[in-house]
Amino acid sequence: KCIFSKRKLRVTSERSSLENSDSDIGLCGWLLVALSILLMLVTLPISIWMCIKIVKEYERAIIFRLGRILRGGAKGPGLFFILPCTDSFINVDMRTITFDIPPQEVLTKDSVTVSVDGVVYYRVQNATLAVANITNADAATRLLAQTTLRNVLGTKNLSEILSDREEIAHSMQSTLDDATDDWGIKVERVEIKDVKLPIQLQRAMAAEAEATREARAKVIAAEGEMNASRALKEASLVISESPSALQLRYLQTLNTIAAEKNSTIIFPLPMEMMQGFMKN
Numbered sequence: 001k002c003i004f005s006k007r008k009l010r011v012t013s014e015r016s017s018l019e020n021s022d023s024d025i026g027l028c029g030w031l032l033v034a035l036s037i038l039l040m041l042v043t044l045p046i047s048i049w050m051c052i053k054i055v056k057e058y059e060r061a062i063i064f065r066l067g068r069i070l071r072g073g074a075k076g077p078g079l080f081f082i083l084p085c086t087d088s089f090i091n092v093d094m095r096t097i098t099f100d101i102p103p104q105e106v107l108t109k110d111s112v113t114v115s116v117d118g119v120v121y122y123r124v125q126n127a128t129l130a131v132a133n134i135t136n137a138d139a140a141t142r143l144l145a146q147t148t149l150r151n152v153l154g155t156k157n158l159s160e161i162l163s164d165r166e167e168i169a170h171s172m173q174s175t176l177d178d179a180t181d182d183w184g185i186k187v188e189r190v191e192i193k194d195v196k197l198p199i200q201l202q203r204a205m206a207a208e209a210e211a212t213r214e215a216r217a218k219v220i221a222a223e224g225e226m227n228a229s230r231a232l233k234e235a236s237l238v239i240s241e242s243p244s245a246l247q248l249r250y251l252q253t254l255n256t257i258a259a260e261k262n263s264t265i266i267f268p269l270p271m272e273m274m275q276g277f278m279k280n
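So in full-length UniProt numbering, the last spot in the sequence shown is 280, and the numbers never skip.
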């Protein structure tokens with residue numbers, strides 16, 4: 001909390017110093033401003049078209065007067081005035097910007113090379129800081145996202161990269177948001193799009209998964225045989241208690257075979273006849 005409050009205090013002080021930077025232009029600066037106003041008045045109404053500027057609802061204008069940011073910070077949306085010769089301005093888009101992180105070759109913690117890409121959503125939160133503190137905020141954010149992706153994934157195993165995408169995305173978002181706070185950039189969301197594995201690794205993982213499934217199938221089949229043998233043992237004990245149960249089971253088996261509509265001919269014989277032959 002102490003580090004965060006110090007960072008917020010420093011950003012606030014930078015913002016206030018930038019917004020009040022036009023108060024020290026000096027005597028020569030005020031003289032040039034007066035000449036600019038006089039030139040505008042002399043060339044009216046032609047100069048009015050050069051002095052009136054319009055910014056859209058999603059834009060902000062940063063006005064520089066003799067190289068210093070005008071008091072009040074960003075202007076807009078709507079109409080604003082600039083002085084000829086002494087003022088210049090830069091338009092800043094405040095909408096959310098989306099860009100793709102190019103595929104990055106990353107060496108994971110368990111020494112596996114993977115190619116990972118992603119997407120980042122960010123917007124300009126403070127137009128004054130985005131213009132005054134960095135040359136190109138968009139290019140800097142793109143490069144920082146690439147290096148952050150490699151740094152974060154370099155501390156993860158392959159299994160963690162494949163299963164913990166949400167956690168990795170939140171970690172990247174927090175890191176990028178802290179780094180771009182001084183630039184007036186707010187990183188809203190980071191997503192991992194795709195993780196590409198080498199062909200040899202894909203084949204090895206497929207063989208491992210197939211072997212695991214075959215081993216699991218054999219275990220399940222063995223458990224089924226064991227359960228079936230136990231059931232047959234229990235059934236034989238039940239049938240041995242009643243001699244007529246075996247005859248009923250025999251007739252039920254014949255009924256089942258006859259229902260299959262095959263060409264097998266069965267001649268049923270009573271069990272009593274067989275017992276008679278066995279006694280003789």
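The set of hints was computed from the structure by calculation and includes no laboratory data. None of the values given here were measured: they were computed from a predicted structure. From the three backbone atoms N, C-alpha and C, an ideal C-beta is built for every residue, glycine too. One or more hints might be untrue.
Claimed, not checked - Pairs of lysine to any residue residues, derived as SDA-like cross-links and limited to a Cα-Cα distance of at most 25 angstroms, are as follows:
| hint | residue 1 | residue 2 |
| --- | --- | --- |
| 1 | K53 | T135 |
| 2 | K75 | V33 |
| 3 | K75 | K109 |
| 4 | K56 | R123 |
| 5 | K75 | I52 |
| 6 | K196 | H170 |
| 7 | K53 | P102 |
| 8 | K193 | D164 |
| 9 | K186 | I97 |
| 10 | K75 | Q104 |
| 11 | K156 | T86 |
| 12 | K196 | T135 |
| 13 | K75 | E105 |
| 14 | K109 | K193 |
| 15 | K186 | Q104 |
| 16 | K156 | R123 |
| 17 | K75 | V55 |
| 18 | K75 | I37 |
| 19 | K196 | P102 |
| 20 | K156 | F80 |
Said to hold, decoys possible - FRET-style restraints, in silico, Cβ to Cβ:
| hint | residue 1 | residue 2 | range |
| --- | --- | --- | --- |
| 21 | A221 | Y250 | 26 to 34 angstroms |
| 22 | A206 | E160 | 14 to 22 angstroms |
| 23 | M205 | T155 | 16 to 24 angstroms |
- Query: What are the numbers of the hints the structure violates, in ascending order?
  - Reply: 3, 7, 10, 11, 12, 13, 16 and 20
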